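Colleague: Make a model of the complete structure from these sequences and hints.
Chains C and S, in that order, give the protein sequences. Sequence positions in the first sequence follow this note's numbering and run 701 to 776. Sequence positions in the second sequence follow this note's numbering and run 2 to 259.
Do not take every clue at face value.
What the hints assert, rightly or not - Here are a few chain S residues that sit away from chain C, every Cβ distance over 10 Å (derived from the structure): (1) Phe70; (2) Lys73; (3) Gly163; (4) Pro236.
Stated by the list, open to error - The calculated DSBU-like cross-link candidates involving lysine-lysine, where the alpha carbons are at most 35 Å apart (straight line), are: (5) C/Lys739 - S/Lys233; (6) C/Lys739 - S/Lys21; (7) C/Lys703 - S/Lys73; (8) S/Lys21 - C/Lys771; (9) S/Lys217 - S/Lys14; (10) S/Lys101 - C/Lys703; (11) S/Lys257 - C/Lys703; (12) S/Lys257 - C/Lys739; (13) S/Lys101 - S/Lys233; (14) C/Lys703 - S/Lys22; (15) C/Lys739 - S/Lys101; (16) C/Lys771 - S/Lys257.
What the hints contain is simulated information worked out from the structure, not anything from laboratory work. This structure is a prediction, so every number in the text was calculated from the model and none was measured. Note that CB positions come from ideal geometry on N, CA and C, so glycine has one too.
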Amino acid sequence: MAKIKGAVVVDTERCKGCNLCVVACPTNVLALATQVNSKGYNYSYMEQENACVGCSTCAFVCPDACITVYKVKLDK
Amino acid sequence: MSQTNSSINEIIKPENLVYKKPSVLNDNPMHYCPGCSHGVVHKLLAEIIGEMDIQEDVIGIAPVGCAVFAYKYLDIDFQQAAHGRAPALATAIKRLMPEKYVFTYQGDGDLAAIGTSETIHACNRGENIVIIYINNGIYGMTGGQMAPTTIEGMKSSTCPFGRDISLNGYPLNITDLLVRLEGTRYVTRQSVHTSAAVRKTKKAIQKAFVYSMEGKGTSIVEIVSTCNSGWKMTPEGANDWMVENMFPVYSIGDLKDI
Numbered sequence: 701m702a703k704i705k706g707a708v709v710v711d712t713e714r715c716k717g718c719n720l721c722v723v724a725c726p727t728n729v730l731a732l733a734t735q736v737n738s739k740g741y742n743y744s745y746m747e748q749e750n751a752c753v754g755c756s757t758c759a760f761v762c763p764d765a766c767i768t769v770y771k772v773k774l775d776k
Numbered sequence: 002m003s004q005t006n007s008s009i010n011e012i013i014k015p016e017n018l019v020y021k022k023p024s025v026l027n028d029n030p031m032h033y034c035p036g037c038s039h040g041v042v043h044k045l046l047a048e049i050i051g052e053m054d055i056q057e058d059v060i061g062i063a064p065v066g067c068a069v070f071a072y073k074y075l076d077i078d079f080q081q082a083a084h085g086r087a088p089a090l091a092t093a094i095k096r097l098m099p100e101k102y103v104f105t106y107q108g109d110g111d112l113a114a115i116g117t118s119e120t121i122h123a124c125n126r127g128e129n130i131v132i133i134y135i136n137n138g139i140y141g142m143t144g145g146q147m148a149p150t151t152i153e154g155m156k157s158s159t160c161p162f163g164r165d166i167s168l169n170g171y172p173l174n175i176t177d178l179l180v181r182l183e184g185t186r187y188v189t190r191q192s193v194h195t196s197a198a199v200r201k202t203k204k205a206i207q208k209a210f211v212y213s214m215e216g217k218g219t220s221i222v223e224i225v226s227t228c229n230s231g232w233k234m235t236p237e238g239a240n241d242w243m244v245e246n247m248f249p250v251y252s253i254g255d256l257k258d259i
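Modeller: Structure below.
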């Protein structure tokens, strides 16, 4: 059965750490980092990398358009 | 169950891309507070303009309010109107250049307070424009004062104990009012708090843009939004509060589509 795997890339300098992507993610991939960007925001990052299915929910709700989503279908 | 465990770097390749920042939205970091609904709506506008390939044919009118700097983020032609006068300016632009897509982008303080007259008359004349109306029930930019759209019991800096109907009157549901006008063609109320809602809002705005070129009246897309800074809440707390308290007053869905 084909398995879908995804990955997101967060533009950490653009991210304002609003947490909306973290609560929106259906597979609890994202979390806010303990580090901050140059503006002092705790940016979002992939904490559970393997759980991502590339559904783009985080990117849809992101108010600052800082999430890019990639997705692959793995055969077998 | 260990399958060909392609690492994250193998997934992050241009051919696997499924979602990225629309190119119509430029790289300027937005000045909005973290979690503000304005950002999502800007992004949707950029996506729609990109997908419809109308970047050269669209003119936006920025309001007075938080979205006054909308022209800094969307890479399209923009005008900035005096407070509340965006529909009047849009009327002029659309009449002079009927081949252009003309939209106004207004908040509730702009559209439903100082601009009530312009809004109602532009809609009553049936101007072929799109009105994007962001309703968060508060004057966000000036510090969270009570707006005409503030719902009963909602706290703001000028009604710290909640809006009292006997003192401040009823919340103004201007979109319901506009439904009754002959000049409006498409009136809808949407939100952007979940990804499903974002997709619906995108479809609604796209429809409004298409309708605006058919010459059959004004299209209004109200977006019930949050102002977490003004409401003194976290972004996700503001979303929950909106679902619980704003939606019963401002019900989501198409109100008119002819």
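Colleague: Taking the hints in turn, state whether each one holds.
Modeller: Now the hints, each set against the structure:
{"no.": "1", "hint": "Phe70", "verdict": "holds (14 Å)"}
{"no.": "2", "hint": "Lys73", "verdict": "holds (14 Å)"}
{"no.": "3", "hint": "Gly163", "verdict": "holds (26 Å)"}
{"no.": "4", "hint": "Pro236", "verdict": "violated (4 Å)"}
{"no.": "5", "hint": "C/Lys739 - S/Lys233", "verdict": "holds (21 Å)"}
{"no.": "6", "hint": "C/Lys739 - S/Lys21", "verdict": "holds (23 Å)"}
{"no.": "7", "hint": "C/Lys703 - S/Lys73", "verdict": "violated (41 Å)"}
{"no.": "8", "hint": "S/Lys21 - C/Lys771", "verdict": "holds (12 Å)"}
{"no.": "9", "hint": "S/Lys217 - S/Lys14", "verdict": "violated (45 Å)"}
{"no.": "10", "hint": "S/Lys101 - C/Lys703", "verdict": "violated (45 Å)"}
{"no.": "11", "hint": "S/Lys257 - C/Lys703", "verdict": "violated (43 Å)"}
{"no.": "12", "hint": "S/Lys257 - C/Lys739", "verdict": "violated (44 Å)"}
{"no.": "13", "hint": "S/Lys101 - S/Lys233", "verdict": "violated (40 Å)"}
{"no.": "14", "hint": "C/Lys703 - S/Lys22", "verdict": "holds (26 Å)"}
{"no.": "15", "hint": "C/Lys739 - S/Lys101", "verdict": "violated (39 Å)"}
{"no.": "16", "hint": "C/Lys771 - S/Lys257", "verdict": "violated (38 Å)"}
Of the hints listed earlier, those the structure fails to meet are numbers 4, 7, 9, 10, 11, 12, 13, 15, 16, in rising order.
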